[in-house]
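The hints should help you fit chain B onto chain A, whose structure is shown.
Going down the list, the sequences are from chains A and B. First residue of the first sequence? That's 960 in the numbering used here, and the numbers climb one at a time after it. First residue of the second sequence? That's 960 in the numbering used here, and the numbers climb one at a time after it.
Hints in this document: simulated from the structure, not taken from any laboratory. Just so you know, these numbers come straight off a predicted model, no measurement behind them. Even glycine gets a Cβ: it sits at the ideal position worked out from N, Cα and C. Take the hints with a grain of salt, since some may be wrong.
[To be verified] In silico contact screen, one side only, chain A against chain B (beta carbon under 10 Å); selected entries:
hint : residue
1    : E1056
2    : A1075
3    : V1087
4    : M1110
5    : P1113
6    : Y1275
Listed below are the residues making up each chain.
Protein chains: 2
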Amino acid sequence: MSETAVPVAIGPTTPVPTMLAKAVAEGGAVLSELAGARALIWNGGPGEFPEQLPDSVEWVQLPAAGVEDWFNAGIIARHPQVRFTSAAGAFSASVAEHALMMLLAGVRYLPEHLRAGSWRQQDFFPHVGTLRGKTVTIVGAGGIGRALIPMLTPLGAHVVAVNRSGRPVTGPGIPDDVETVPADQLGKVWQRTDHVVVAAPATPDTRHLIDADVLARLKPSSWVINVARGSLIHTDALVSALASGAIGGAGLDVTDPEPLPDGHPLWVLPNAIVTPHDSNPPQLRFAAFADHVAANVVRFVAGRELLAPIDPQRGY
Amino acid sequence: MSETAVPVAIGPTTPVPTMLAKAVAEGGAVLSELAGARALIWNGGPGEFPEQLPDSVEWVQLPAAGVEDWFNAGIIARHPQVRFTSAAGAFSASVAEHALMMLLAGVRYLPEHLRAGSWRQQDFFPHVGTLRGKTVTIVGAGGIGRALIPMLTPLGAHVVAVNRSGRPVTGPGIPDDVETVPADQLGKVWQRTDHVVVAAPATPDTRHLIDADVLARLKPSSWVINVARGSLIHTDALVSALASGAIGGAGLDVTDPEPLPDGHPLWVLPNAIVTPHDSNPPQLRFAAFADHVAANVVRFVAGRELLAPIDPQRGY
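Just chain A, same shape as in the assembly:
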């Protein structure tokens, strides 16, 4: 260990997962015990988090994108001298890929194809759609929304990104001509929306954002994709819209209630795709977290701004 090497601890797992040890090394730091460490990479839940951190610790990397549980457990408040970062953004690509998968499968009528046991080409022809030339409204331009945009535009889709401020959405791979609309103008967007991807945080403002009224303004060919939280969609209104054919279908990685109980209509509606909140499964999550850790250790060692800083005042 050189005199200038930055000591970074990994907790709580013993032995330390190889992927994280590699990430710390790749980031240019050295693995250390918690005592004397300048940073802690936390790979567990809030329940196991140390009561006290050594004074040496300046930065803690948490393993989750949403950190309500850490706030609720008082961990952020208990360590005012420490900078916390979340894993926000790290898992976005996998979730965005999942959203794209459900949207494409829906638009191209895959669920019905998978139920077919014979060729029936003429029956299927009229139901196969495309994203080319279609307007996809992404509600929420955080990590997932911003990761999804560069996946949609090469397919010829027109993207309308909805964020709070209406400030133009930017980011790697996001074309300049992507349209950004402030959330308070959302009501004007539905009429020209072909498909909706819900990717906004769950807040009192976004609860039941997609309700009977919104669903009624979509098209019989519209697919509604939810990779955010179940509460953003009014489930009963969605079930009605799916059953009546008011919309084309729904792809849901999150539901309300969640887990979706056995016997729920969403399990049997032919135009509903339900995946059990597995758009970012542990094996993909862990690899993505390790990438995020490596990137943040590089920044910490260099004294640069960290990715996904947690603001103790805002609560995320």
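This is chain B only, laid out in the frame that chain A set:
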């Protein structure tokens, strides 16, 4: 009509389809009778094509990507003074989108999700994959292959494009770092291939290109997608590989035999996705043709090179 406007006729349909009339107008030309027209947009088959064209006609746009039938009917030879263009490339995007859809649905385990009637998150977790960091080998770098590359790279996939010459594949949206491999080196590619998309023409050379030997060299997680012709895959070998789990699955828009007969094992294998050659259904085909017409009318009016020129010597 201004004095300089270029007169373009549309045949044979009367009344002229709105979408094509719009395409001609968007292209900057004016709709005209065949007599006096400088160009003819042909929306019918070769059987209805005029015996004689007026001397004014300089360019004919045909509605098909493959124009063997027009050659066989003697239409190209009969009009040596006319430039003919096909619709080659116009329909590639829809087929590429379909290939992407099947690949993503396979990798993310959608078929099994659709059969589930309860949440079972822990059961599903290990089966959900990603294209990020995976190598997708596209056999055939014609219109479909070249359209697919810019859809895959934003997902973080590494693309290996296989063409006859091995000359680097280029085109709109294709990154410089896409690897191109000549067909005679294909045998060396399988070992590092995660997924295969078959998009090459059916020729004696490509018959059973994907056979038992190739399938044995892929991975238990590999998906094989075919949007070209059924004959490129040895069906019985594929069925065995799917049944044994030697590969992850197959997404087939084309089959051998085609149509796939009722009762064929591919209809019931849980890791086979079959769509009845509907990746480019008539309604999408017509919209794509109209886009192609608009782009070519722009070029004709400006005196620029036309898209998809037919070479009377080469026969396509």
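Structure-based check of all given hints:
Contact between A:E1056 and chain B, as hinted, is supported at the beta carbon level, the nearest pair being about 6 Å apart and thus within 10 Å. Taking 10 Å as the C-beta cut-off, the interface hint given for A:A1075 holds, the closest approach to chain B being about 8 Å. Residue-level restraint check for A:V1087 holds (minimum Cβ-Cβ distance to chain B is 5 Å; threshold 10 Å). Taking 10 Å as the C-beta contact cut-off toward chain B, the hint placing A:M1110 at the interface holds, the least distance being around 5 Å.
At a threshold of 10 Å, the smallest CB-CB gap from A:P1113 to chain B is about 4 Å, leaving the interface hint in force. Below 10 Å, beta-carbon pairs count as interface contacts, and A:Y1275 has none with chain B, the closest being about 24 Å; its hint is therefore violated.
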